[in-house]
Amino acid sequence: MSDLQAKDLHTGYGRVEIVSGVSISAALGQVTCIFGPNGSGKSTLLKAVAGAQPTWRGDVVYRDTSIRDQPTEERILGGIATMPQGGSVFADLSVDENLRIGGHTIRDRTQLRQRVAEIYDRFPALAKKRRARGSDLSGGQQMLVSVGQLLMTDPQFLLLDEPSAGLAPSVVKEVFQMLRELKEAGKGILMVEQNVRDALQIADQIYILVQGKLVYHAPRADIPDLKTLMKVYMQV
Amino acid sequence: MKRATRDLCLFSLAALIIMLVLLFTLDSANLRVVTGVYMWIGLALSWNIIGGYTGYLSFGHAAFFGIGAYTTAILVTVAGWPFPLAVLTGGVAAGVLAALIGGPTLRLAGAYFAIGTWAVALCMLQLANILDITGGAYGISLPSLYSDTVFYLLMFALAWLVFFFTWHYIEHGSFGRKLEALRENELAAEMLGINTNRQKLLAFIVSAVFPGLIGGVYAGWIVFIEPNAVFGSNINDPMILMTILGGAGTVMGPVIAAVVLYLLNRILWINWSADTAYLIFLGFLTCVVVLYAPNGLVGTFKAWLANRRRSLPDTQDDEEAS
Amino acid sequence: MDLLLQTLVNGILIGGVYLIITLGFNLAFGVLGVIDFAVGEWVMLGGFTGYWLNHYLGLDPLLFLPVTFVVFVIVGALVYPMLARLLKGRQHARLLMVFVFTFGLSTLLKGGALTAWGFNQRAMDSFFSARSVELAGVYMPQIRLVAFFFGVLITVAVAWMLYRTRFGLSVRAVAQDEGKARLMGVNTNRVAALVYALYAGLTGMAGVLIGVIYTVTPQMGVQYTIFAFFIAVLAGLGYVPGVLLAALLLGLIQAFVAVYIGSAYSLLIVFLSLYLILLVAPRGILNRGRA
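Protein chains in written order, with the working numbering: chain G, 1 to 236; chain Z, 1 to 322; chain B, 1 to 291.
So that you can see chain G by itself, here it is in the shape it has in the complex:
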């Protein structure tokens, strides 16, 4: 039951290796969380899976085929969409344009328009703001746009880099509720989080990364409660 996997993945910047031989797997209909302190390499790992960062060694496998040499574009077409840290809203583009760039890989104009309309149906709050510039939106609205961008291509897997970062607590709750719904709709979610407490509520599987290495893994059956997890966290 692992549809998206990183196998013994090594990557980094310049000559510095940030992720050293990490293997993780994520499945459809599940939320897989990667926790870890700052600089542990979790964002870099996510980027490598997304194709925004070259994989030095090891492999990225999706539906039993290696995608390590695929550019981001092909991974999106294959059904893997990514939201970077801080969301993916372009400040100088309108909401409409932001959604369209989210659907950049859709070449057919009619289909693109249709997808944008679907996103507006899903998030009526955005429909009213379609001409507003990204920078004029509130934090919550920006998050909606980011999720909208993510869903434009109707992906199977969503890769999220700290979706709750910098958001007001009430918005965080909405975001996680949204993620829960997406999970229940059968999407696979692989996310990096600092907000362990909220993420734990929806997690089906947990990894902890420290200094580029995997130090802890809890599969679906034995997800610990927050207290136990914190204890583990402190030890590593």
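By construction, these hints were calculated from the structure, which means they are not laboratory data. A hint or two may mislead.
[Said to hold, decoys possible] Here are the simulated DSBU-like cross-link-like pairs (lysine-lysine), alpha carbons at most 35 Å apart as the crow flies:
id, chain 1, residue 1, chain 2, residue 2
1, B, K88, Z, K302
2, G, K7, B, K88
3, G, K183, G, K231
[Said to hold, decoys possible] Label pairs and their in silico Cβ distance ranges:
id, chain 1, residue 1, chain 2, residue 2, range
4, B, I261, G, A168, 51 to 61 Å
5, Z, L145, B, R85, 50 to 60 Å
6, B, P66, Z, F164, 52 to 62 Å
7, Z, L291, G, V16, 17 to 27 Å
8, G, G21, Z, G173, 44 to 54 Å
9, G, Y13, Z, L291, 18 to 28 Å
10, B, I74, G, Q111, 25 to 35 Å
11, B, V70, G, V16, 41 to 51 Å
12, G, Y13, B, A77, 26 to 36 Å
13, B, R85, Z, S174, 34 to 44 Å
14, G, V16, B, M161, 38 to 48 Å
15, B, Q219, Z, Y292, 28 to 38 Å
By construction, the Cβ of each residue, glycine as well, lies at the ideal position given by its N, Cα and C atoms.
For this one, chain G is given, so just place chains Z and B on it according to the hints.
Just chains Z and B, lined up with the frame of chain G:
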């Protein structure tokens, strides 16, 4: 004696011997070529102080050369000052100009600084074209004051002076360490207690004073100056390119590049009277070096040496990140 | 009053040509972050392309605008991989190295042109060259009118591309945040290559127009490099709409200085204002560029 001081003495002695041998063996035409070599060594090394060690690529250093040349020429012809005093004043004028524009211009980062300094040099060029005192586009003719030999010696002395300064105060001095620190990371250097603004400005002024002096001597040597000849790209560009080709932020890089490139220039000129072909070489070499050896020839050689030394058998202090 | 109006028109007309150069220049800066020192040499070489085609084929140089565009798109596409290589480099001063690279390139091109064609000025005539239109006492050389309208046409085309096409949207996205754009599946490398090629093509065409209006000489490049810098800095580097204002402003400054102060001062004032704008408003007069 410290090793750096010993090396400096040895090198200076060697340079002095070469200079004297050339002086007594070369005919006057070739002596003038070598005078030009000294001039370019001095200019490239001066540019290296701000462009190489400090990391601020000045694209307007001809402004300082030109103001030195014009100050000297005007003081000699109009005010009748003795030549040495006029040259010194030319150096001061260049320093003052650098001090005036340095403060605001050095706040610009990267290519913006390059554009800003370039604009200054172009302003000076236009001013020299417009003003009466500079003779406009007709330029200024100076009396022939000394023999070629005197200018040969003067240029050598100036080139050596810049070399000495670079070696003693920058390559092996605390001033240079501060400059290199601020080049690598200005914020971090500030944290270390280095007054980066002050150090940058100092470096800029020093790197301007030398070209000012050289420009003054040049005016007396060539006896005729006009705006394009002293403020134009034929002075401005080679300084930058020589230093980058040879290795910005090294002592020997600019020296070697200046010797080789200026001789190349003269060979092209003497044999084919093609000094424009020189630009092709300069430009092409710059592109190749930037692409394949961005630290310049000497810089790349040094890195290669260091690499080789590191990969010698004793791997116990190998600091490869695990 | 007539003189004022005439000066105004002169300024606006030449501003239209500057527009062609700097639209591309600023676009390329926005997407690549690269300040191309060789911009003036593309103008110069474009001018010579028009000149030699006109010289050997005898047709009106304006007819060669499309050919020149294609030639320089190809040239740009050939130069881009080298810039890309530098941009992917590991040293910290990457952008500065690209700047130095384009400086070397400009030296190479200028030296090559000087060696091949010497210092002489060369003129080429178009059908519109010796004609003019008079309107309400204002005298407009037809060639300048044609060049101006061509500039406007190019501007409209570029604006349409930027704001109405899928490619244009990806260009704007890359200019704003390359990392995000890549995660959206935009092939940022291809976008950058196309933008650089487009910029080279536009600049080459501007060279033909400038060559017809004035003359061509291998030394003309530097002037247009500084004009491009001036307009781009005034507009705010990377901020494309600001170019409209800045290009006209440069044309007007030149025209007015030439008439009311003396053409000798024209360049001095341009250079001086470039310097002052850099110091005072590095993000451009509209404060929308990248500092």
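TODO: Find the hints from earlier in the document that the structure breaks and name them by number, from lowest to highest.
DONE: none
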